[in-house]
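**Q** Based on the hints, put chain B in the right spot on chain A.
First to last, the sequence lines map onto chains A and B.
So the first sequence is numbered by the numbering used here: it starts at 1 and just counts up by one.
So the second sequence is numbered by the numbering used here: it starts at 1001 and just counts up by one.
So, partial list: chain B residues that the calculated Cβ filter (under 7 Å) puts toward chain A:
1. P1060
2. S1063
3. G1064
4. G1067
5. Q1069
6. K1109
7. E1193
8. L1197
9. V1204
10. W1205
11. P1206
12. Y1207
13. S1211
14. H1213
15. V1342
16. N1345
Calculated directly from the structure, the hints in this document are not laboratory data.
Positions of the beta carbon are idealized from the N, C-alpha and C atoms, including for glycine.
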Amino acid sequence: MTTTAKPRTTRLTYNRTIGVAGMQGRGFYYPWSVAVAADGTYFILGRGSDSDPRGVRMVAMNLEEEYFGTFGSFGEGSGQAIWNASTAIDSQQRLFTSDDHLNRILVRTLEGELLDTWGESGTDEGKLNGPTGLAFNSKDELLVSDHLNGRIQKFTIDGKHLSTIGEFGSGDGQLNLPWGLHVDGDDNLYVADWGNDRIVKFSSDGEFLANFGSVGRGEGEFDAPSDVCVDSDGYIYVADWGNQRIQVLDAGGGFVQQNEGQATISKWAQDFLDTNVEESAARDASDLDMDLVFNTDDPHERSAHIEKLFWGPTSIAIDNDGHVLVVDSNRHRLQVFNVVTAG
Amino acid sequence: MASKDVKLMAHLMRRAGFGASRERLDELVEQGYDETVESLLSAVDRPTRMTDNLIRRYHPEYSGMMGNQSPSGNWMYRMVSTDAPLREKVGLMWHGMFATGYSKLANGKVLHDQIRMFERHGMGSFKNLLTELSRDPAMIVWLDNSENHNGSVNENYGRELLELFSMGVGNYTEQDVKEAARAFTGWTIGNTEYMTLKSARDSVWPYGRLSFHFEYKEHDHDSGEKEFLGHKGNLNGEDIIDIICEQPATAAFLSRHMYSFFVADEPPVPEWPYKEPRDPEAIAALSKVYFDSDYNVEETLRFLFKSDFFKSEGAHYQRVKSPAELVAGVLRLTGEFDRPKVDMNPTNLQSTYMGQWLLNPPSVEGWHWGTEWIDSGALVERVNFASERLGNIESPGVQTLIDRILSDGNGGMNAEELIERALDELSVSDISYKTRSALVEFAEVQVNQSDSGKPGPEQVANVLKLVGATPEFQRA
Chain A
1 MTTTAKPRTT RLTYNRTIGV AGMQGRGFYY PWSVAVAADG TYFILGRGSD SDPRGVRMVA
61 MNLEEEYFGT FGSFGEGSGQ AIWNASTAID SQQRLFTSDD HLNRILVRTL EGELLDTWGE
121 SGTDEGKLNG PTGLAFNSKD ELLVSDHLNG RIQKFTIDGK HLSTIGEFGS GDGQLNLPWG
181 LHVDGDDNLY VADWGNDRIV KFSSDGEFLA NFGSVGRGEG EFDAPSDVCV DSDGYIYVAD
241 WGNQRIQVLD AGGGFVQQNE GQATISKWAQ DFLDTNVEES AARDASDLDM DLVFNTDDPH
301 ERSAHIEKLF WGPTSIAIDN DGHVLVVDSN RHRLQVFNVV TAG
Chain B
1001 MASKDVKLMA HLMRRAGFGA SRERLDELVE QGYDETVESL LSAVDRPTRM TDNLIRRYHP
1061 EYSGMMGNQS PSGNWMYRMV STDAPLREKV GLMWHGMFAT GYSKLANGKV LHDQIRMFER
1121 HGMGSFKNLL TELSRDPAMI VWLDNSENHN GSVNENYGRE LLELFSMGVG NYTEQDVKEA
1181 ARAFTGWTIG NTEYMTLKSA RDSVWPYGRL SFHFEYKEHD HDSGEKEFLG HKGNLNGEDI
1241 IDIICEQPAT AAFLSRHMYS FFVADEPPVP EWPYKEPRDP EAIAALSKVY FDSDYNVEET
1301 LRFLFKSDFF KSEGAHYQRV KSPAELVAGV LRLTGEFDRP KVDMNPTNLQ STYMGQWLLN
1361 PPSVEGWHWG TEWIDSGALV ERVNFASERL GNIESPGVQT LIDRILSDGN GGMNAEELIE
1421 RALDELSVSD ISYKTRSALV EFAEVQVNQS DSGKPGPEQV ANVLKLVGAT PEFQRA
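Next comes chain A alone, as it looks inside the complex (with noise of 0.2 Å):
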């Protein structure tokens, strides 16, 4: 008997990468999500390390890798965060961030000046343990990750509670430790179920719609995925965040296609090496795509090694040109990819 392969649908090719390891100015230290503003101006959330907190920040940049600036430092106090997780923009062009350690939501302008703090510790309805991912729905309502509290909730951009989406648990419409949300044009929310290894679907309403993906290594399969966007022909894109790689998914959630990771030297990195003569010559006499054996099927090590590949990719966003924007953190950077459309 003979088989035929499927034919395949590329539906994102590379473009470039942007970033570098940088602890202040330019550059990331863990960057850990990314919002697009409405004159293109990508603001990179900064996670940083517990050793060393001054990647706990914001980054202002395009995708020419222009820098803007920076704003937001670690700590307890006002405008501060100890563990950023996500960030979203609204209509009104205000730029939210959660922090799933202090339990509250910073409200900025693009300049970043604080506008508002809010947020309560807790498990009631309304107060939150551990927020993570942000999105905003057509009306300007915020939907917020409540990881530990296993539920999305929805606010006012005030802090107001408006309504409760999910509970805890593995069943249909339930959650474990969500993370990333994305809210599509009709108003449908996604989640990266972390917990439960897959994506859930539900409408504006709150009712759940489907889930797509299970446990795995396999095509349309997940290892907590931390982050879902959609576009406007209905492509789902995955961050399928602990197989290292991106997956795209139709409309259905059927299967499209994969990737892990194609970065290249960004222009902040070309200009580190220009300047750092001697690593720069190393680096040109090393084989950085080595093919090695591992000990362990966990795509993380194959990461560790392997410098393009994806290596804790945490974020995943569409920007105001339809690119797709993946941000690896571990690699301080982010990885840009075209969207192919049919035709």
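**A** Structure of chain B alone, referenced to chain A:
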């Protein structure tokens, strides 16, 4: 007062693990001693409750490992949460013996990889472990085998392999060191120049750390004839390890390490050539098992845990807990890290303040264990840490301890009974008269503070704090 069986089980769990709650000890006594030993030995593949994904999600630094605290913080999570504690204890033993450090490597991931290698191979054949160690990228850079070339020998790894990792001083010649080093020429890491340059410069640019991988470079290997410990031929590294493992000196050296780590503190290794082992018969018996089992570590440990010299009450509390063991043991009792929390980094640093910065030993010789852990500064840190954590009434494990202690005193509890219950719950036995008297005196003050004649949670927590400060709690 704890029964003899409970005392013995507590002894086993302090040595083959990080201690156990009184409730758990009762379960294990019910299971039986030999069965518990088998369960500890066979649990090495059991996954930890704190999975890699959980740790990595909250602490990207424990995943990307750019800084010098990351591999030890990651390891502390595993020690605190594992259901296979012997795996981590054996890892600690090998880390003490094959000490490798961040200070030279500036790469936490390769150190983390070495500990994982100990977890995979640390209970199998010692021969295989030495082979894996010789191929380990962290060890290769730490002891300069990446600089050991055909025609330009660097003796560092060859020397330490014999002196610190297998036979001990006095059992080989300088010529043997040279020949061993020649045999390991060509055993290096891939992209040697770039990786060692990044380490030397502590460079995280452009895109963070890159893991190292082993590479054997045939063209850089000295394939000429060598003579090592009386064996002649075109010897490679594997041949050297074969010969080393056949030596009685290796059996004795390894046995003394195992005895010192699991049975009773021995003097620091540099003193071994001049000081007899504490129990030469035990070393001889362990050496025999080493040979009979074809150098198998698990078999040697099985014999050790079931031996009279291990079970003897004379061996109880004959080890000073290393800082990492103390921190992990206390945190397992308090249960405060039931999930990843931001406090792990400062908590893990406590081990450093007490003198043991995991994955960053003071030298290739590692740490001096035993009473050398307790200088005046370190003792204050140890006592403060144990007391503070055991007295934190907010910790779930402390709440459980308090509930269990108070559940026995429905009709009231005097100071003596309170101390007895606290010692029992913390599995501290064989306490000195002086220590007990001081504890009871303190407990009387606590009991008298209560109008009901029965201590409340605060008073019990204060007693737990003081028990954490006793010399007996600081020992294993």
